[in-house]
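**Q** Go ahead and model the full structure; you've got the sequences and the hints to work with.
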Amino acid sequence: MIYLDNCSTTRPREEVVKVISQSMVEDFANPSSLHRLGMRAEKKIKESREYISRYLNVESSEIYFTSGGTESNNIAIQSVVNKLHKRGKHIITTKIEHSSVLNIMKSYEKQGYSVTYLNVDEHGIISLDELRSNISQETILVAIMHVNNEIGSIQPISEINRLIKEINPNTIFHVDGVQGFGKVELSLKASGVDSYSFSGHKIYGPKGIGGLYIDKKHTLAPILYGGNQEKGLRSGTENLTGIIGFGEAVRIMNDNFYKEAKHAYELKKSFATKIKEEIEDIKFNTTLDERSSPYILNVSFKYVRGEVLLHYLEDKEIYVSTSSACSSKGTEKSHVLRGISLKDEEIEGAIRFCFSYENTIEDIDYTIQILKESISDIRQITKR
Amino acid sequence: MDSVLSVSLGEIALKGLNRKYFEDKLIKHIRNAIKDIGFEKIYKEQGKIYIEAEEHNFPQMTNRLRKVFGLVYISPCIRVGKDVADIEKAALDIMKHKMEKEKISTFKIETNRADKNFPIKSPDFSRQMGGFILKNFDKLSVDVHKPDTFLFIDIKQNVYVYTDKIKGHGGMPIGTNGKGLLLLSGGIDSPVAGFLMAKRGVEISAVHYHSYPFTSERAEEKVKDLAAILSRYTGKIKMYSVNLLDIQKELNAKCPEKEMTILSRRFMMRIAERIALENELNALITGESLGQVASQTIEGITMTNESVNLPVFRPLIGLDKVDIIEIAKDIETFDTSVLPFEDCCTVFLPKHPVTKPKIEDIEASEEALDINFLVDQAIEGMKITIIE
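Here the protein sequences line up with chains A and B, keeping their order.
Sequential numbering of the first sequence, starting at -19, is according to my numbering.
Sequential numbering of the second sequence, starting at 2, is according to my numbering.
Don't read these hints as lab results, they were simulated from the structure.
Do not rely on the hints blindly, as some may be mistaken.
[To be verified] Simulated crosslink set (DSBU-like; lysine-lysine; CA at most 35 Å straight-line):
#  : chain 1 : residue 1 : chain 2 : residue 2
1  : A       : LYS263    : B       : LYS223
2  : A       : LYS86     : B       : LYS223
3  : B       : LYS259    : A       : LYS323
4  : B       : LYS352    : A       : LYS313
5  : B       : LYS225    : A       : LYS352
6  : B       : LYS384    : A       : LYS282
7  : B       : LYS97     : B       : LYS168
8  : A       : LYS282    : B       : LYS259
9  : B       : LYS330    : A       : LYS363
10 : A       : LYS86     : B       : LYS90
11 : B       : LYS223    : A       : LYS282
12 : A       : LYS296    : B       : LYS239
13 : B       : LYS259    : A       : LYS363
14 : B       : LYS250    : A       : LYS263
15 : A       : LYS187    : B       : LYS225
16 : A       : LYS145    : A       : LYS90
17 : B       : LYS384    : A       : LYS313
18 : B       : LYS250    : A       : LYS75
[Claimed, not checked] Simulated restraints on C-beta separations:
#  : chain 1 : residue 1 : chain 2 : residue 2 : range
19 : A       : GLU139    : B       : GLU222    : 45 to 51 Å
20 : A       : ASN114    : B       : GLU258    : 46 to 52 Å
21 : A       : ARG318    : B       : GLU12     : 27 to 33 Å
22 : A       : SER94     : B       : LYS250    : 48 to 54 Å
23 : B       : LYS384    : A       : SER113    : 56 to 62 Å
Backbone N, C-alpha and C define an ideal beta-carbon position, used for all residues, glycine too.
**A** Okay, structure coming up:
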C-alpha cells in the first residue's frame, strides 16, 4: 500500500497506538475525580498539554483541548463574534478556507454580518493590499488559514497580523492551522496571532482530538456549557486517551520536525520533476518553492477526470484524493481550485498528493509508473 | 380470551384448486418474516391465517407483515369461544381499547357467520351486539353508513372480535410466479420495477453493471443498499455484479459515438439473459419507462428487446416519473436512490444519442465486435453477493 492522502488523515505512529492502548487499560479514571486515579489522569493531560505548548513555544495554559479542527475553528470564531458583536459587524476571511470556517461565515452573513472573502493569486496566496483596504474599525475578526488543505499554499501570517493590528488593534486574528501544525514552521508569539486551531489526526495522532491556542490576553466566552473542563471554554469529560495519544504524537513530531519536513520536500521535488518528465499535459496547482507546504502537491491532468484516476490508483493500492467532488452532475467544484482561477477541466482533472515521513522514493517511483500507465489508458478513451 | 393477529388473503382466495399451494407459500413467508420476533403458532381457519403471539409484539409484527406480498389486511383480534357472554366481554374490551387510542363517537357491527351452527343469524347478532355496546358506552351511537369504527365479529370454529384492518400490499406470495432477473442500477426506477414484479409473486435476482475504475465502488455499495431494502419485501436477493468497462472501451473504439447507449444496453440485456439462462430464471425485469430518456423510446426499446429472447417485464412502462417516485418513497428506496454516488462515468455518454435507431445500423455497428467473446469475458469476471 502507498498512502498519499496524508492531508485527509494520517496513520497513527506505532508509539501513539501503544500509549493509547496502555492508557485505556491503566488511565481510565475521570480526570475530575478527586481520588488518586483521577489525579493521575489529570497529570497525563498536563503532560500532553506541555508537549504541545513546547512545540508551539507558548504557555501550556494557552492550550485548550477540543474534538478537532472543526470544533476549534467553531469555538474560536463563534466566541469572538459573541463577545465583540457590539463593537462591529464586519469579518474578513478568504475564498479558500476550510468548510468549517466558510460555513460559519455563511451563517453570520444570514444574521446580518458583512463578510469579506479575500481573493487569492494563482499560487493561492492573498494580497496584503486587498486585506489592507478592507480592514476598518467595524472589523472584529479576521480568520485566515495557515496552510491550505487542497493546494498547500502558505499565507504570510506574521505580515497579515502586523497589518491588521496596525489598522485596528482590536481586531482578533484567528488562524486555522490544521494543515500547518507540525508541518510548516510558525512562531505564534512572534507573529502575534490571537488564536490557532490544530488537530491530532493530521500529525499521526488519533482522530477526535484537537486543540486551540488562545493568547492569554484574551478570555473567550464558551459556546458549550457544562462541567467547566478546559477552564470553562470547552466543557465535557476530557477525551483522555485522545489527549494522551495526541501528546505522544506531538512529542515525537517535535523531535523529528526538520528531518521529516526535509524528507517530505525531497519527495515532493522528486515527484514533481518526474511527473513533468514522464507525463504530458499536466499543470501544477502547487508552487514548488517555500510558498507552499513541503507535504502537499496538487496536479491537474488534462483529459482525465480526477475521480477516475483515483480509482485506477486505488486498484493498485495507491491512495490519493481529488480536490473536487465528482462534478458530472453539476455538483460543486472545489472552491479552492476555483479560487486560484483554474479552468473547469483543470479542476476536474486535479489530484492531491500528500506525503508523510513513511513514504519513500521507491513509493514515488512506483506511483509515477502507475500514474503514467493509468493516464495513458484513460486518455486513450477520453481523447478520441 | 386470547390475542391473535389475523391475516386476510387477497387474490389467493380466488385460486380454486391451487389455493392450498398459495396458502402454504404465504404461511412460509409469514413465518420467515416474524421468526425472530417469536410467536406461538400459525394456523389457517376458513380463509384466513391466524398468528398466536404476545400482544405487545403485534405492532412490530404488523410492520413486517405489511411487507409480505399476498396479504391484504392484518387485524389484531381477540379470540373467544362461542359463548355469547365471552363475545360480549371481548367486544367490550376491544371497544374500550379503541376509544382510548382514538376519538370515536359512532360505530357499526359487522357479523360474519361462517359457522352456520351458531344459532343466531348475522343481522340479528349484529343488532343484539349493537344494543349491548350502546348500553355500555353512553356516548356512542350507531351509524351504519359512515361509522368512525367498525366492530367485526367473525364466527367460525372460534369467534374473532376486532376493529382494525391494517392494509398490506396485496399481490401474490413471492415464488408463486416464477423467477426474474432485475437489471438494478442505482437510480429510482429499477428498485420500483423489482418491487412491482415481486408483488406479482416473482422471486427476484438482480444484476448490476458498473465501469470500475471509471465508476466508484461507493456506487456499487449504494446498489447493494438498494437491494437490501428491496429484500425486505422479496426475501434474499442474489446479486450479480458485472464490470462493463471492457465492453464500453471496445464500443468506444469501434462504434459510432451516438449509438453508445443503445449498444451498451444491448450488451447488458445479453449478459442478463445469459445469467438468467444459466441460473434458471425465467424473465428479465427492467425499470424502463416509455420516453423517459433517449434509450427508452419505442425505437430504442425495440433495439434492446431485439437482443434477447427471454420475456422482458417492464412494469413501469406506462408510469409517470412522479408515480414512480411515489412508490419509491412508499417502499423506502427513494432516499437511497437519490444519494449522490451515481455513476460518475459520463465519459461514455454520447453528446447526441440516437433516439430513433435503425436495426440495420445497429447490427452493422456490431459487426465490428466479437459479441460472444465480450459477453463471456464480462461474465467471467462477475461477482456474486447474497443480499438479505
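**Q** Each of the hints needs a verdict: does it hold here or not?
**A** Hints versus structure:
At roughly 34 Å between alpha-carbon atoms, LYS263 (chain A) and LYS223 (chain B) fall within 35 Å of each other, so this suggested pair holds. A hinted pair counts as satisfied when its Cα atoms are at most 35 Å apart, and LYS86 (chain A) with LYS223 (chain B) qualifies at roughly 31 Å. The suggested pairing of LYS259 (chain B) with LYS323 (chain A) holds, with an alpha-carbon distance near 27 Å, which does not exceed 35 Å. With a C-alpha separation of about 22 Å, the suggested pair LYS352 (chain B) and LYS313 (chain A) falls inside the 35 Å cut-off, and the hint holds.
For a cut-off of 35 Å, the pair hint linking LYS225 (chain B) to LYS352 (chain A) stands: about 33 Å separates their Cα positions. Annotation: proposed proximity of LYS384 (chain B) to LYS282 (chain A) holds, straight-line Cα distance about 33 Å (limit 35 Å). Simply put, LYS97 (chain B) and LYS168 (chain B) have alpha-carbon atoms about 22 Å apart, close enough for the 35 Å limit, and the pair holds. The straight-line distance between the Cα atoms of LYS282 (chain A) and LYS259 (chain B) is roughly 24 Å, inside the 35 Å bound, and the hint therefore holds.
Distance check on the hinted pair: LYS330 (chain B) and LYS363 (chain A) sit about 41 Å apart at the alpha-carbon level, beyond 35 Å; violated. This hinted pair does not check out: LYS86 (chain A) and LYS90 (chain B) have alpha carbons roughly 64 Å apart, beyond 35 Å. Proposed proximity of LYS223 (chain B) and LYS282 (chain A) is supported: the alpha carbons are some 29 Å apart, at most 35 Å. Simply put, LYS296 (chain A) and LYS239 (chain B) have alpha-carbon atoms about 29 Å apart, close enough for the 35 Å limit, and the pair holds.
For the given pair, LYS259 (chain B) sits about 16 Å from LYS363 (chain A) by alpha-carbon distance, which is consistent with the 35 Å threshold. For the hint linking LYS250 (chain B) to LYS263 (chain A), the alpha-carbon distance of about 27 Å falls within 35 Å, and the restraint holds. Our distance criterion of 35 Å between C-alpha atoms is met by LYS187 (chain A) and LYS225 (chain B), whose separation comes to about 29 Å. With a C-alpha separation of about 27 Å, the suggested pairing of LYS145 (chain A) with LYS90 (chain A) holds against the 35 Å cut-off.
A distance of roughly 33 Å separates the Cα atoms of LYS384 (chain B) and LYS313 (chain A); the hinted pair therefore holds under the 35 Å criterion. With a CA separation close to 40 Å, the supplied pair LYS250 (chain B) and LYS75 (chain A) exceeds the 35 Å bound. Range check, GLU139 (chain A) to GLU222 (chain B): about 47 Å between beta-carbon atoms, so the 45 to 51 Å window is met. Judged by the Cβ atoms, the range 46 to 52 Å given for ASN114 (chain A) and GLU258 (chain B) holds: they are separated by roughly 50 Å.
In this structure the supplied range 27 to 33 Å is violated for ARG318 (chain A) paired with GLU12 (chain B), their Cβ-Cβ distance being about 58 Å. A hinted range of 48 to 54 Å holds for the C-beta pair SER94 (chain A) and LYS250 (chain B), which are about 53 Å apart. Evaluation of the 56 to 62 Å hint for LYS384 (chain B) and SER113 (chain A) yields a pass: the beta carbon distance comes to about 60 Å.
Violated hints, in rising order: 9, 10, 18 and 21; the structure is consistent with all others.
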